[in-house]
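Asks: Okay, here's what each chain looks like letter by letter:
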Amino acid sequence: MDDIKKELKKEIEHTCKGLVQTGYIETENIEEMIKLANYLMSETMSSAYGIEDSDLRDTLIRVGKIAKIGTEVGQ
Amino acid sequence: MSLKFSIKSLHIINLREMEDVKIDFQKGNNFILMRNGYGKTTILEIIKSMYTGKLLCDNGEGIWGPNKEAKYGGSELDSYSDDDLSESSAELEMEIYNEQGGAETWKLWQRWDHESGENYFQTMIPGKGHEEGWKLPLNFSNKLKDNEAFADVFAFDAEEAVKMIRKQKGDEIRNAFREITSTTRLFDLIKENDGQIVKVFYKDLDKLNLSEVDTGAKNYSSWLHKVDKLILENEAWSKKLTSKKDENQRIHDEKKKKWDNLGSGDVEAKETEKELVKEEDELLNELKDKTIELLISLGNPGNLQVKQWKKTYEMHNVMFEAKIPEGVGKPFFQDLCNKHECVCGELMTDSMREYIRKTAENYLGRDELDLIKNMQREIRENKNPQEDIFELGESISQIKKDLKVNARKLRAIRKKFNPKIQQERGILEEEMRKLRDEIEKQNTKLEEIISTDPNKIRANNWDKGCIKDTGTLFSISKWGGKNNKNPVDNLYTLRRIQKTLKQKVSTTEELMHLETGGRVIQLILGIAAENVMEEVKKDTQRVMSESFHDVPIVEDYDIKLDDERGIIFINRRKEIQKKGSVGTTLVAAYSLINGMKQSGEVEIPLIVDSPTAGLDNTSTQGVVETFWNQSEQAIFIIESGERDKISLQVPDALSDEKSERILIRRKDEKSTGANQKGKMIKSYNSEEFFTYYTPKGKRE
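Protein chains in written order, with this note's numbering: chain S, 1 to 75; chain G, 1 to 700.
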């Protein structure tokens, strides 16, 4: 699983950089975004029961604050 | 390796075909020889159930239920009392390697209590002792807990595996990949319609009673803006009204002074008038006070004595006399019907439940009970006893009579004044009356704007129905914020609405962030996970294909993992074949295991029931030589036909050096003939392993 996590981390970083180019994430927030996405990935995969709802909610709000609000991401 | 373990022993007691069998396993290849129908499937199923934490019960609810086949059905129970037979159990002892590479011995039990019908797990954790439930370590649970598709890859019945590979679809392969790479929970997190992210978002939306985030947030912000504006307007209005009222009062007082100074020339009449006016003022003040008191008393349901209240009061008394606790109503009896026992301890029967259901209809529902409780509270908090209403009514009538008498006296005295003075006074009186009316209106409006007394606000409907009986909530639709028609002017109410709206706005702002954050993370993790899975699939494909070609099979095929169709066979002309022969398909299954082992970073014992089923002699040799020695531990459950085939093709496979041979048979069974009953016994590496029972017709 550690190898999978390493690969996922690489891909997360790559994807976040791609989103900067599309304008969904500001360059100054890229590191924070990568950190939060990695945290969610790692917590979800490490715990026997996944990430707790309250922890997930708080982290997503932090992501939402640094992403562009109202952007039609993923549509 | 993120998961490495081996099985040390399996101990089955009083379960299906077995009374009491403990099998010890070694590293390397273990062969269990037993007849068909003696429990081969039970061994495989119990191990898979222990791996995944899914109880081996037959009704899907954790209860073994009435399936008597769960219990051992043998006739010789010489070593057990009746008490022992009330339970069945399976104990799996494993050596699991921890993150630091050290091996620890874990024990997992699955038990069936035939008295209560319960089926449950217990775990012995190294260094901690026994705990209830399935508590195997994180590296184990990450790979195998609830992951049946993955468990099926490493513990399977070869005949079933052939069927499975033939039927397998792309999504099943995809799930197995997610399970072996421990990414199942990651995909569950980001799933588009019912993933954890979506669920967390909808939970917040439900809490705010909204159907979507944008509308709610927009409405709350716009309403808050209106409330802010209304508060400012009403604060300014109250100042303006106060100043106008004071000005009116000043003009009125001047006129009154002028009116007072218009003497009649008759000193005695003037003095009498003064006294009568003073008395009138006192009476009017008293009338005002008493009227307010009466109004407050009338607002108390305890004082109303209306029909509905009387009924409620009587019903409460009946319940009290029947010694039914306050608050007991229909919901209590409905809950009682769902219990196994009554409050008295007696077991519930259907007829008791039917009786209670019928009787409960006569009791009050939750709404009525709430009403009663509210009325009781009003009575308890009532500061005005019931008789006050009548006394107050009498006092008010008397004051009104006194006022009439006083007015008559005044009119009589004033008729004695000269006509000119009477005329001037009449004009002033009319002007003062108008001023008083205006002041009265201004006072009422001011009171509406600035009152902070919740009872007075509610009694006068100055909150327009926004504040509910609990005193803390408000109804957004009633305060006039939507269309501003007849809005609330009471500042106390408006400030409460403002406070609530501020909270809602702050929450909906969070909700907007939550929605955006969820969508961004779904996108990032979705792309990342799919890319990684694609790489894993490529690696698996490579290993699988190499393993497949290591075994000589009749058909000259290649195999591939297909997103739509699962495992597919491709012939030399690059054409897709619908299916391979049984042998080819089983070799594909073994190849898939090899591929999965690499991708999943695992060293898990390979457990196969009928491991060479459907393989011809050449393929048997190929499979044995290619796959059977690649696992640190393998357990093959075979019957005598397979034993003979393996002995013939690869004699070395069953040698003392390369295998642990376990024979399981009935204690006194004959070596030929049909399956028999009786105590199950086992022997390790005995010569009998090679001679035990060959079905009729196959004996050499």
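These are calculated hints, taken from the structure and not from any lab test. Note that beta-carbon positions come from the ideal geometry of N, C-alpha and C, so glycine has one too. Errors might be hidden in some of the hints.
What the hints assert, rightly or not - Residues from chain S that face chain G, not an exhaustive set, calculated with beta carbons under 10 Å: (1) T15; (2) I61; (3) V63; (4) K65.
Asks: Which numbered conditions among the earlier hints are violated in the structure presented, ordered from lowest to highest?
Replies: none
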